[in-house]
Amino acid sequence: MATRYTQATVGLFAAPAIWAADFLAIYIFTALACARRFDASTWLGIGVVPWVIGLATLIALTFTLTLTLRSLRGARRHQADDTALFVHRLSAAIGGLCSLAILWNAWPVLFVPICG
Amino acid sequence: MTASTEPKMEYPNPLPRPEEELPLLEKIWNPPSGWSFITVVNNEYVGLFYVGAAFLFFLLAGVLALIMRTQLAVPENDLVSQGLYNQLFTMHGTVMMFLFAVPAMEALSVLLLPNMQAARDLPFPRLSAYAFWAYFVGGLIFFCSIFFDLAPSGGWFMYPPLTSHEYSPGHGADFWLLGIGFIEISAIAGAIEIVIGVLLTRAPGMSLDKMPIYCWSMLVFAGMVILAFPAVIVATALLELERSFHWPFFIAAKGGDPLLWQHLFWIFGHPDVYIMFLPAAGLVSMMVPAMAQKPLVGYRLIVLALIGTGFLSFALWVHHMYATGIPQLSLSFFNAASMAVTVPSAIQIFAWIATFAAGRLQFKTPTLFILAFLFVFVIGGLSGVMVAVVPFDWQAHDTYFIVAHLHYVVFGGMVFPLFATFYYWIPYVSEKPLSERLGRWVCGLIFIGFNLTFFPMHITGLLGMPRRVYTYPAGMGWEGLNLTSTVGAYLIAAGVLVFLVDLARNFRPFTPKKAGNVWNAGTLEWLPAGEYAARSIPIVTSREPLWDQPNLARDVEAGRYYLPGAPTGRRETIITSPIDARPLYILQMPGASWPTVLAAFGTAVFFLLLTVKLVVPALFAGVFTIAMAICWMWSTDPGPSHPPIDIGGGIKLPVYVTGPMSHSWWAMVVLIVVSLSQLGCLLFAYFFLWTVSPEVWPVGGAALPVADYPFAAVLLLVLSSCAMAYASRALRAARSWPVRFSLLSAIPLLVAAFGVELYAHWQSGLRPTDSSYAAAVYTFIATQGFFVAVVAVMGLYTLARSLCGLLNGRRRATFDNTMLFWHYTVFQGLAMLAVVHVFPRLLE
Amino acid sequence: MLNLADAVQSALNPQSPVSQEIATLGWVMIAGAALIFLAVLALTLYALFARDEARAVLGGRELILYGGVVFPVVSLSALLVYALLTADRIVTRDEPAAVRIEVIGEQFWWRVNYLDAAGYTDAVTANEIHLPAGQAVDMDVTSEDVIHSFWVPSLAGKVDMFPGRSNRLRLKTDRLGVWRGQCAEYCGAQHAKMAFHVVVETPEEFAAWLAAQRRPAAEPLDPFSQRGKTLFLSKECGKKKCCADCHSIRGTPAKEEEGPDLTHVGSRRWIVAGTFPNNVGTLAGWIASARHLKPGAGMPSFDRYGGEDLRALAAYMESLK
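Chains as they are written, first to last, in my numbering: chain C, 4 to 119; chain S, 5 to 848; chain P, 15 to 335.
You may find that some hints are simply not true.
Listing some non-contacts, in silico: residues in chain P with all C-beta distances to chain S over 12 Å [stated by the list, open to error]:
#, residue
1, 54
2, 59
3, 157
4, 167
5, 168
6, 174
7, 215
8, 270
9, 281
10, 295
11, 308
12, 314
13, 320
Among chain C residues calculated to face chain S with C-beta under 10 Å, some are [what the hints assert, rightly or not]:
#, residue
14, 18
15, 46
16, 72
17, 82
18, 83
19, 97
20, 101
21, 103
22, 108
23, 112
24, 118
Here are the in silico distance ranges between beta carbons for each label pair [as the list claims (entries may be wrong)]:
#, chain 1, residue 1, chain 2, residue 2, range
25, C, 62, P, 95, 20 to 28 Å
26, P, 59, C, 44, 52 to 60 Å
27, P, 317, S, 174, 21 to 29 Å
28, P, 99, S, 170, 51 to 59 Å
29, C, 16, S, 617, 56 to 64 Å
30, C, 16, P, 64, 40 to 48 Å
31, S, 691, C, 12, 27 to 35 Å
To be clear, the hints were calculated from the coordinates, so they are not data collected in a lab.
We put the beta carbon where it would ideally sit given N, CA and C, even for glycine.
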């Protein structure tokens, strides 16, 4: 029971946790960049803020999409068990929603000035 | 969908049932009579009191709104003064948000949740009674402040510096801070109970995929309360510290920042909108299938929507702060997150429409309110997308456009479903249903009145009328729109009045004869029930058991399912596993008690006295409250008082478990999550203030106490935790005196660690009024001091139980809970020491 | 001459490129919202009242997936890009400001300081801001006490004013005229009566106005106004603080800065933070019964003065062009 419980908890909450970590990371980094005025520094011609947001988004998306795929595979394995099937499909859907939120959160850096 | 043709099953318990079984069950669950009736803890009674109290606050805050609308009917009106008007809108917002909306949702769950899961009661019945009485008494006192011109007038959002001691002297703001802070604590208590109730007290077989949507929505609701409410409690504590002791968190001249309040307030405040809406959406998802006589389409997508909204709503707080000068990119993150949270709401709306199409809707009053809700809420959602767009909000923010939007969302998303709920579930508690004829009038008047009041406000706002103005000049083009809004407000009032008439004529609660399942609904709360809820606890095999399991009601009532009596002679329910709902053990629950109610009164009086700065009487009230709480707790760890019980079907369940199997252990874990959220908010405050005012931080650690102090404190903390761990081992080995000795030594170790940290900063010359940095450091210390005091009381209580022979290797739930919280307190102390002593040393 | 009655305060009456940009965004969203609302309404009615075979088509998960997932994702993606592009156009400043003005919110009025190139105060006024048409102006807004919000809907969105922080708002418009603004963040008792006016004039008119504002006050010419000046400077007003204890009139001994600077109060179109049009009658009424007209404001009611005194004081104020 403990492993089933752990699996369900991780499946349902891992993607939102990654989304939250990504959101906080880029929000805090941007706030510090503007407060301490290092928003103008660049590396390889690209600003530090776009760098950090781009990398954070890539890492977070890799995780959430992997989780989504794993949940979908899990769902295929548990066709007979209603509850397990439900939990896996729900986890996959949550992973998808979190991926969308992570992706949308990265768009602003392409359009608006950072500290403005 | 689950097929309705289950294989022929054996019933867990044979018929006929022994004759004495039912009278005993009734005797055990009967509420007390006479004066003691107010000590009742049965969820149906407490739930109805609770819903009634919340509705009373809705009416009171509604009257305030009518006075405001009358004042604004014409320009330059002088019906009320600016002072009274500012109190009116502050109280209207505060009462609606804190005393009506959130409590109403918790109240409904006390009333409905256990029965939907065929549990006999919520897992902590005395806690719900306490939460209700504390809220009711505290809320009434708070509301009455307006009759004495003592009400707060800083707006329901209480932005400092307007609410600081300098700009709001007097007790008004203190009423708000202490009153609301304390009602939030009651809300958190309720939320903990809901989490445990949903996860552990479902009917056998009601696995996660068969749980009623309402239970899902309350689970998410409770999770959000647990994570969001600590933010507002921290915020109110900081502002009260600034008001009373001049600790400068929000004073710019001393390194504070008014924006800190806004962050903390909206980290709570935005989720709060969804905290009100999600339970209402859950109720709608229960009513729609019943009214359409078809299962909900897209069950899993709706669960996704509930959970998704729960998470995403925490990333929206800054969209109340678009005009504050926060960096443009930061604002845009919140614009994007606001888009993401729209998707789950859209999912729910289309799921309801799909269910309409799949079934055939009966146009009864609940249906009408649901259609009205859809109409209004869709408009509110669309205007929500508009105000989430940063540039548009620069115009719309703090105008009547927002007043319109928020009422479309909150009144639309919560009050319309609430009226639907009243019409739908009153047959569940009353002898007669409400009147269909009057119900149509109620719905029509409120719907037309609502749109007449609030739709024009969109335009008024775009025409430039700001919110929270007690009057406005003529000739701005606002007159006609305002007059229309006022007329609409009176129509809403007329609708509510007709509803009250309907209640007076038809609502007959507290009766054994219920109108019952008049809608032919499919969920378990419609099972025939007595004071003990369902006679026997059924095995659930589908989402709508009453539709899919033939004769279920008859068999449940006959006692053919689990636990048809009260084998231990006390109130009991079955604890089941969180995912699959397999029976785990029998929970013995406490009944009515005076100390619970007295503790609630004591708490309310304590906060009231504190508000008016009568500190010594307040201390007496506090001690009285703690004494009552201890009286109430004393009987709640019964131990393995009874051998395992056969609940039927060959299942033998223990009546007592400890550790990670136990519901009380889980409740403690949830309380630790609450504490972690509180710790997170304090850390946020510390780092936020550093970001704003690095000049008041001891850069490089030069001004910090020497490192010996924190090292000593760390050592003491760790030793204290070790003492508890040792006590735990000794308890397992059934050696009483080592347990007592290490319990007794763990307390001074913890107190000493706190003392060392306090002394270290005090001797270094730092005073909390010096700067925002100093205030933040002393806030850590004060918080830790509060936790140490709580844990010390818990330790002494555990010791007392050991001395009375109520603690041993098997009967140890009290000890386990104390130990868990002890370790958390030590962890919190270590985390705070690390931040205070290490972080500044890293700066250059 | 500008028409005073037309001082518009409406986001639906955009008079600058920025407010036009926001209004367009608003109209696009309103149109989109109206269409979506009608579509949802139509779907609901169809699901309820169409023939059974027809409406059953909507009764599955497909409706939720297309209506609740695909459609919002597509339309909100488009809206997000449009919103971000609009925000970018509004906040990007590609030319240096020709004029810098510091506006300080106070309970319940607006202190306005025109700054020179070095950032020092060049001219001081209150509750009425003049701008040169066609030139970029930076408004540095802050607060002296509680949070206020600077908002002239016809010219731009609002910006909050915090004690201890300064926020910058860029204003630029070609349209000549007077626009009304109002405090948009609840700031206490008289939040409702904290308005101001923005006068956009030609650069030449603006330069002349600013030059006039820099000059100290002119000496009153007629004896009646001189009596008003004497009263203004007198310490015998029957209150703890008299006129000159809070207000300054440059060129006279009145130098206190607690209340609005009155050096050129006669040149302003409105008094009491945009509450009353400026004339001898309103001035006298305000001096006599401020506590009644705007309770909670800092100004006391000078009820000891008789009618003659009040008229003299008002005439003096009126003379301070």
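How the hints compare with the structure:
1. 54: For residue 54 (chain P), whose nearest Cβ neighbour in chain S is about 5 Å away, the distance does not exceed 12 Å, so it is violated.
2. 59: violated (10 Å)
3. 157: The claim breaks: residue 157 (chain P) does not keep its Cβ more than 12 Å from every Cβ of chain S (closest is about 9 Å).
4. 167: violated (5 Å)
5. 168: Non-interface label fails for residue 168 (chain P): nearest chain S Cβ at 8 Å, not farther than 12 Å.
6. 174: The claim breaks: residue 174 (chain P) does not keep its Cβ more than 12 Å from every Cβ of chain S (closest is about 5 Å).
7. 215: holds (22 Å)
8. 270: The claim holds: residue 270 (chain P) sits with its nearest Cβ about 20 Å from chain S, beyond 12 Å.
9. 281: holds (22 Å)
10. 295: The claim stands: residue 295 (chain P) keeps its Cβ more than 12 Å from every Cβ of chain S (closest is about 17 Å).
11. 308: Check fails; 9 Å does not lie beyond 12 Å.
12. 314: holds (17 Å)
13. 320: holds (26 Å)
14. 18: holds (9 Å)
15. 46: This interface hint is violated because 18 Å lies over the 10 Å limit.
16. 72: Check failed: Cβ of residue 72 (chain C) comes no nearer than 17 Å to chain S, outside 10 Å.
17. 82: Residue 82 (chain C) check fails; min Cβ-Cβ to chain S is 14 Å, beyond 10 Å.
18. 83: violated (13 Å)
19. 97: Holds. Min distance 6 Å.
20. 101: Cβ of residue 101 (chain C) sits 8 Å from chain S, so the hint holds.
21. 103: holds (6 Å)
22. 108: holds (5 Å)
23. 112: Cβ of residue 112 (chain C) sits 6 Å from chain S, so the hint holds.
24. 118: With Cβ-Cβ at 5 Å, under 10 Å, it holds.
25. C:62 <-> P:95: 20 to 28 Å: With Cβ atoms ~24 Å apart, the hint holds.
26. P:59 <-> C:44: 52 to 60 Å: holds (58 Å)
27. P:317 <-> S:174: 21 to 29 Å: Hint holds: Cβ distance 26 Å, inside 21 to 29 Å.
28. P:99 <-> S:170: 51 to 59 Å: violated (43 Å)
29. C:16 <-> S:617: 56 to 64 Å: violated (44 Å)
30. C:16 <-> P:64: 40 to 48 Å: holds (41 Å)
31. S:691 <-> C:12: 27 to 35 Å: Check passed, 29 Å falls within 27 to 35 Å.
Checked against the numbered hints above, the structure violates hints 1, 2, 3, 4, 5, 6, 11, 15, 16, 17, 18, 28, 29; every other hint is satisfied.
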